[in-house]
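K.L.:
What follows is the residue order along each chain.
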Amino acid sequence: MSQPESAVADAQAGGRSGQEPLAKLAERYGLRRAIARPRFPVYMRQLWERRHFVMTYATSRNVSKYSNSALGQLWQVLTPLLNAGIYYVMFGLILGGKGNIENYPAFLITGMFVFTFTQRTVTAGAKSISGNLSMIRALHFPRATLPLAYTIQELQQLAISMGVLAVIVVATGEFPTWAWLMIPVVLLLQTMFNIGAALIIARLGASMRDLNQLLPFITRTWLYASGVFFAIHDKVVNVAKLPEWVATAMYLNPAASFIEWMREIMITTYNPDYGHHPPTMVWASCVFWAVFALGFGFWYFWRAEERYGRG
Amino acid sequence: MAELTKELSKVKGEEPAVPGKDVRVHPNPEPATKGPLDAPTGTPTVIVDDLHIIYRVYGAASDNEKGNAVNALTRILKRQGRPQMKEVHAVKGVTFVAYHGDAIGIVGRNGSGKSTLLRAIAGLLPPHSGAVYTDGQPSLLGVNAALMRELTGERNIVLGCYAMGMSPAEVREKYQEIVDFSGIDEFVQLPMSTYSSGMGARLRFAISSAKTHDVLLIDEALATGDREFRKKSEQRIRQIRESAGTVFLVAHDLRVIEQTCNRVIWLHKGKIKMDGDPKEVLAAYTKG
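As they're listed, the protein sequences go chains A and R. Last residue of the first sequence: number 302 in this note's numbering, and the count goes up by one each step with no gaps. Last residue of the second sequence: number 293 in this note's numbering, and the count goes up by one each step with no gaps.
The shape of chain A in the complex, shown without the other chains (with noise of 0.2 Å):
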């Protein structure tokens, strides 16, 4: 409908420069135009400039989110600690997906707090831009800095429960071996993952309004898909008597996969065949989700850079 009325007003603008359309004026004088995306290389290069806004965001979050309860940052360690007592009555207990774990606790608390890092991340994540759209219409930056930053406040909370862990298994009765010399490179992985999921969800999260409902059924699948509370193949294969392809199918997934390798270093009765080191399916399974994950996330929400602002 304005299509009248913009011709009424470039007519009227002729006498400036002539019959002259605007975008080639533009272009006469160098200018370019406001929304554009830069190219991929560029878009990394100015995501590094800004690494001291993506530490200190993270940090100022983590400052400001417990200033309100009266235990603070202890929440971080108390929240995992709490459902990992509830999975053990329930479970453990009740249930029996004790199976034939010999060091059960050691066992549920591993897988519930490596899950627990991934899980903060991807619902942070989904909220990292549909929640900031006012610093977004407001400031100029590379977009992946909020998700970016948001991962980076679960890794600064992570190493607080990785503290936790380590004295709760040694309580367990685990003692520490050179082999735990592999947790960092784990956690570094596991970190990668993270941010390339976070990544991707805050793309969806951006367009979907309805993910943040829908999150919690999804994490919650993937707590039972991951085998944080019982044995998988144990479960799987010889109690539901499902084929033996599902089960690999589960031990595949990025968060099993993750946990997995956490309890064949911290738990020396975790399948000691295989000594401290995990079955080559998952580092192999590790590597490649971290990889993936952060190259396809980069690469995935930059192409929807520019459109960010709109909500």
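One or more of the hints may lead you astray.
[Unchecked claim] Quick list of simulated restraints, FRET-style, between CB atoms:
(1) Phe287/A / Ala288/R: 57 to 63 Å
(2) Arg260/R / Met199/A: 44 to 50 Å
(3) Pro167/A / Arg61/R: 49 to 55 Å
[Claimed, not checked] List time: in silico SDA-like cross-link candidates among lysine to any residue, alpha-carbon distance up to 20 Å:
(4) Lys91/R / Ser125/A
(5) Lys15/A / Ala136/R
(6) Lys56/A / Arg154/R
(7) Lys56/A / Glu159/R
(8) Lys15/A / Gly135/R
(9) Lys56/A / Thr199/R
(10) Lys91/R / Leu202/A
(11) Lys216/R / His131/A
(12) Lys56/A / Ser198/R
(13) Lys91/R / Gly122/A
(14) Lys91/R / Met199/A
(15) Lys179/R / His43/A
(16) Lys179/R / Glu40/A
(17) Lys56/A / Asn149/R
(18) Lys216/R / Arg42/A
(19) Lys91/R / Gly116/R
(20) Lys56/A / Gln194/R
(21) Lys56/A / Glu155/R
(22) Lys56/A / Ala150/R
[To be verified] Coverage of chain R stretches by chain A, computed from C-beta distances (three or more under 8 Å per stretch; other residues unrestricted):
(23) 138 to 144
(24) 154 to 164
These aren't lab readings, by the way, just hints derived from the structure by calculation. A virtual CB, placed ideally from N, CA and C, is assigned to each residue, including glycine.
Chain A is already provided as a structure; the job is to place chain R on it using the hints.
P.N.:
Then chain R, alone, in the frame of chain A:
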């Protein structure tokens, strides 16, 4: 078409103040003599070409019903998975060219699309159709959204500076200047939630004006603060203008616009109703 002519006649009918003249007074690259700063040199810095902005507003999706699985299910069942969504056509075909040295005031009623237009020029809202061409990166003077009320002024200064893209060295350099300019003194150690609204506004303005800009967009920055701070910030804006190529200023206080701008655009319901010399446009605006 009928709708359009009706709209136009309505526009004209509302403005007996500008007889014989067309509603649109287009600027000429030749100096606008009343400009308080150096006159436009004729080099365009911002070109807005038939810009339309439509953004989506979601209805009932409020924060307190997030994360609840039962709610999620009932919502999906009730609305077939679609939340209530409205589209707002905020800017409807705006066209103008801004030149080097221009200070352009934008006036209009609440909801006339002023802030949306600024955000589009800053490249923060994608156009539905049309385009905005700019020289360099226009920046919006407004860092509020990045700050956190629970944090101390100190942390917020650092956070705000990083959010505007400063380097750690720049942040260290500007820190004291920001504290001094805001005049909040020892309150800088306290959380921003304990500040009075004037103090908060002062700190926010001090942070966001600490950076130099090519094309600067100011949205109601002078609305708060006491008289002394107002003077200080007007001066600061003048300084920024001298180093910036082009300044856009949205304000409800018409005096501020008259004092600082050499051109005024009057937006009405997302369209330019008038564009030209501040005196003429403001006179018409006050009458309309």
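K.L.:
Against each hint, give a clear statement of whether it holds in the structure.
P.N.:
Hints and how they fare:
1. Phe287/A / Ala288/R: 57 to 63 Å: Distance hint for Phe287/A, Ala288/R holds at roughly 58 Å.
2. Arg260/R / Met199/A: 44 to 50 Å: Check passed, 46 Å falls within 44 to 50 Å.
3. Pro167/A / Arg61/R: 49 to 55 Å: Check passed, 53 Å falls within 49 to 55 Å.
4. Lys91/R / Ser125/A: holds (18 Å)
5. Lys15/A / Ala136/R: holds (12 Å)
6. Lys56/A / Arg154/R: holds (11 Å)
7. Lys56/A / Glu159/R: holds (17 Å)
8. Lys15/A / Gly135/R: holds (14 Å)
9. Lys56/A / Thr199/R: holds (17 Å)
10. Lys91/R / Leu202/A: Distance ~18 Å between Lys91/R and Leu202/A Cα, so the pair holds.
11. Lys216/R / His131/A: This hinted pair holds, its Cα atoms lying about 13 Å apart.
12. Lys56/A / Ser198/R: holds (14 Å)
13. Lys91/R / Gly122/A: Holds - the C-alpha atoms of Gly122/A and Lys91/R are around 18 Å apart, at most 20 Å.
14. Lys91/R / Met199/A: Satisfied, since the Cα-Cα distance of roughly 14 Å is no more than 20 Å.
15. Lys179/R / His43/A: holds (16 Å)
16. Lys179/R / Glu40/A: It holds: about 19 Å lies between the C-alpha atoms, which stays within 20 Å.
17. Lys56/A / Asn149/R: Roughly 18 Å separates the two Cα atoms, so the pair holds.
18. Lys216/R / Arg42/A: Measuring from Cα to Cα gives roughly 19 Å; hence the hint holds.
19. Lys91/R / Gly116/R: holds (16 Å)
20. Lys56/A / Gln194/R: Within the cut-off at roughly 18 Å; holds.
21. Lys56/A / Glu155/R: Judged against 20 Å, a Cα distance of about 8 Å means the pair holds.
22. Lys56/A / Ala150/R: Between Lys56/A and Ala150/R the Cα gap is close to 16 Å, so the pair holds against 20 Å.
23. 138 to 144: Contact hint for the segment 138 to 144 of chain R vs chain A: holds, 6 residues under 8 Å.
24. 154 to 164: With 6 residues closer than 8 Å to chain A, the segment 154 to 164 of chain R meets the three-residue bar; holds.
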